[in-house]
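Peer 1: Each residue of the first sequence is one higher than the one before, counting from 1 in our numbering.
Incorrect hints may have been included.
[Claimed, not checked] The calculated label-pair distances, taken between Cβ atoms and stated as ranges, are:
(1) 410 with 192: 52 to 60 Å
(2) 429 with 102: 25 to 33 Å
(3) 427 with 94: 16 to 24 Å
(4) 410 with 60: 22 to 30 Å
(5) 252 with 348: 47 to 55 Å
(6) 182 with 102: 22 to 30 Å
(7) 335 with 443: 24 to 32 Å
(8) 407 with 60: 23 to 31 Å
(9) 344 with 161: 54 to 62 Å
(10) 287 with 97: 51 to 59 Å
(11) 98 with 427: 27 to 35 Å
(12) 161 with 252: 45 to 53 Å
[As the list claims (entries may be wrong)] Restricting the straight-line Cα-Cα distance to at most 20 Å, the calculated cross-link-like pairs of lysine to aspartate or glutamate (DMTMM-like) are:
(13) 445 with 422
(14) 408 with 340
(15) 282 with 101
(16) 204 with 265
(17) 180 with 223
(18) 286 with 35
(19) 77 with 195
(20) 162 with 116
(21) 273 with 233
(22) 102 with 116
(23) 399 with 362
(24) 82 with 98
(25) 52 with 365
(26) 94 with 35
(27) 113 with 13
(28) 399 with 431
(29) 408 with 464
(30) 282 with 34
Honestly, the hints are just simulated from the structure, not real lab data.
Even glycine gets a Cβ: it sits at the ideal position worked out from N, Cα and C.
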Amino acid sequence: MLKITNTLTGNKEPFGPLTPPKVKMYVCGPTVYDDIHIGNARSAVNFDVIRKYLAFSGFQVTYVMNITDIDDRIIKKAIDEKREYSEVAATYTKAYFDVIEKLGIQKADIHPKATEYIAEMIGLISGLIEKGHAYVVPSTDLGKDVLFDSPTFKSYGKLSGKNLEELQEGARVEKNETKKNPTDFVLWKASKPGEPQWDSPWGKGRPGWHIECSSMVRKLLGDSIDIHGGGIDLIFPHHENEIAQCEAFTEKPYVKYWLHNGFIEISGQKMSKSLGNIWKAKDALKDFRPEVLRYFFLSAHYRSGLNYDREILEANMRGWEEFNQTFQRIEEALTAPHSDAAVMDLLELRLAIDEVETKFKEAMDDDFNTPKAIAALFDLARETRRVLSQSARVTPGAKSLLAEVLEKLNLLGGLLGIVTTERASAPKEVEELAQARVELKKEKKFKEADEIRARVLAMGFTIEDVQGGHFRILPKK
RNA sequence: GGCGGCAUACCCAAGUGGUUAAGGGAGCGGUCUGCAAAACCGCGAUUCGGCGGUUCAAAUCCGCCUGCCGCCUCCA
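The whole structure should be built from the sequences, with the hints applied where relevant.
Peer 2: Below, the structure is given as structure tokens:
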């Protein structure tokens with residue numbers, strides 16, 4: 001039984017979608033004004049795994065992730081770079097999908113762009129005005145603003161656990177003369193001359209931030225959906241405001257389960273432009289394999305913070321390498337001739353194979369506990385390596401078990417996206433040198449053999465001796 | 001000031017009432033080896049930030065304290 005921690009209730013609840021086996025899932029995607037950083041990447045990976053696990057569990061998931069392609073920061077960038085805002089958005093949308101693809105993140109079923117849903121937004125805003133939840137105020141020469149009247153939505157604050165009085169007393173709520181209440185927020189923003197603009201009943205303007213998600217959710221998934229996700233920082237005000245807009249208008253529950261992922265910190269500090277410690281995903285991908293980054297992201301629970309430090313990531317990578325080595329070693333054993341004479345103890349491996357999927361599911365069913373799920377995979381991998389070390393050539397019985405291991409680890413590890421299909425392969429020349437070295441060793445010409453090893457090392461490869469006069473070539477560490 | 005989260009071995013990180021406190025990294029000891037590396041085996045928290053309380057039983061529940069962090073303004 002899958003359980004999910006729901007931010008709305010603060011509890012871990014059994015997961016029951018509105019219309020099983022269908023699951024409607026929406027996650028707040030990027031605002032395409034710059035390259036995404038590893039925090040964005042972590043979020044995308046977390047929800048990718050959640051989406052895949054739901055599908056693995058038999059649910060029919062419809063997954064929507066938006067692209068915010070109109071926003072103040074995009075406009076600012078466009079002005080700074082003297083380009084059209086749409087060019088800026090297109091540039092970073094492309095960059096986003098490039099990173100997503102590299103990270104092995106399955107595309108959402110739909111990636112709607114905000115600017116393609118302006119009509120739906122205007123419709124929703126008009127409806128809110130008619131129902132008395134929004135009001136129009138004069139703004140620029142080109143048009144008027146529309147603001148949400150927060151006290152008219154009586155459960156405002158239910159997601160973030162805030163109430164209107166506290167927010168009004170709070171020192172950090174901005175003063176704004178056009179707002180009737182400090183917690184009111186913009187639904188429609190009048191454009192200034194030269195800014196991107198759309199025609200509306202309130203003149204030339206553009207949508208507020210919160211309204212786009214609400215509009216796209218309703219248009220693409222319906223009034224009520226099962227899962228809505230995003231970063232922990234979006235709880236307030238973004239998701240709170242989405243609830244207010246939608247529920248005030250539809251008078252139906254907007255989202256059943258709210259999921260929020262924790263932040264990545266850089267050496268204990270929040271990533272921010274002002275601190276200058278932004279680590280872009282595309283740069284991370286230059287230094288680390290995508291599977292390693294995914295392994296790192298999934299090494300902590302998605303709700304927790306994740307501290308990044310180069311040493312921590314590199315320590316994670318060493319564990320990941322050993323895990324992935326297992327695949328290559330199994331493949332080697334499977335392709336090598338078998339041995340009927342080998343004495344092998346396979347009992348523990350049999351047990352490990354039988355329980356791995358159960359342990360994996362138990363972990364994932366507990367609010368997508370990926371660290372625990374990974375531990376289950378590592379248990380099987382360790383047991384497999386133990387068996388492999390018993391004999392260079394394995395028995396036919398061992399081969400069939402190893403094939404099962406491969407299947408399980410590929411299935412479950414593949415779901416997490418932490419398995420690499422890349423195998424260490426060396427140039428033919430290196431292979432030949434290594435083979436020649438075997439002969440030299442047989443003739444006890446160790447000095448020559450060591451010279452070959454040194455030469456190969458200079459070429460970027462390490463030769464490791466394996467039992468029975470065999471060898472393995474690995475990239476230099 | 002309001003709301004929320006976290007504190008588990010040298011490091012990362014699961015565990016949220018009851019058998020030996022997962023897993024990974026690093027370390028140490030051993031086996032193997034021409035050497036090296038790898039591999040494999042073994043070792044490692046009598047204890048879970050501190051102090052009280054509840055309970056037959058707590059890392060796990062409650063209270064207080066200390067420390068760190070996030071949100072309340074754009075933010076994954």
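Peer 1: Does each hint hold? Answer for all of them.
Peer 2: For each hint, the structure was consulted:
1. 410 with 192: 52 to 60 Å: holds, 55 Å
2. 429 with 102: 25 to 33 Å: With Cβ atoms ~30 Å apart, the hint holds.
3. 427 with 94: 16 to 24 Å: The hint (16 to 24 Å, Cβ to Cβ) is violated, given that residue 427 and residue 94 are roughly 35 Å apart.
4. 410 with 60: 22 to 30 Å: holds, 24 Å
5. 252 with 348: 47 to 55 Å: The hint (47 to 55 Å, Cβ to Cβ) holds, given that residue 252 and residue 348 are roughly 54 Å apart.
6. 182 with 102: 22 to 30 Å: violated, 43 Å
7. 335 with 443: 24 to 32 Å: holds, 28 Å
8. 407 with 60: 23 to 31 Å: Given range 23 to 31 Å: holds, Cβ gap about 25 Å.
9. 344 with 161: 54 to 62 Å: Once the Cβ atoms are compared, 58 Å apart, the range 54 to 62 Å for residue 161 and residue 344 holds.
10. 287 with 97: 51 to 59 Å: violated, 21 Å
11. 98 with 427: 27 to 35 Å: Given a distance of about 30 Å, which is inside 27 to 35 Å, the answer is holds.
12. 161 with 252: 45 to 53 Å: For residue 161 and residue 252 the Cβ distance comes to about 22 Å; the hint is violated.
13. 445 with 422: violated, 34 Å
14. 408 with 340: With a Cα-Cα distance of about 25 Å, the restraint between residue 408 and residue 340 is violated, given a limit of 20 Å.
15. 282 with 101: holds, 11 Å
16. 204 with 265: violated, 41 Å
17. 180 with 223: violated, 28 Å
18. 286 with 35: holds, 14 Å
19. 77 with 195: holds, 12 Å
20. 162 with 116: violated, 33 Å
21. 273 with 233: holds, 16 Å
22. 102 with 116: violated, 26 Å
23. 399 with 362: This hinted pair is violated, its Cα atoms lying about 28 Å apart.
24. 82 with 98: violated, 24 Å
25. 52 with 365: Holds. Residue 52 to residue 365 sits at ~13 Å (cutoff 20 Å).
26. 94 with 35: Measuring from Cα to Cα gives roughly 10 Å; hence the hint holds.
27. 113 with 13: violated, 32 Å
28. 399 with 431: violated, 25 Å
29. 408 with 464: The given pair, whose Cα atoms are some 28 Å apart, is violated under the 20 Å limit.
30. 282 with 34: holds, 11 Å
The structure does not agree with the numbered hints 3, 6, 10, 12, 13, 14, 16, 17, 20, 22, 23, 24, 27, 28 and 29 stated previously, though it agrees with the rest.
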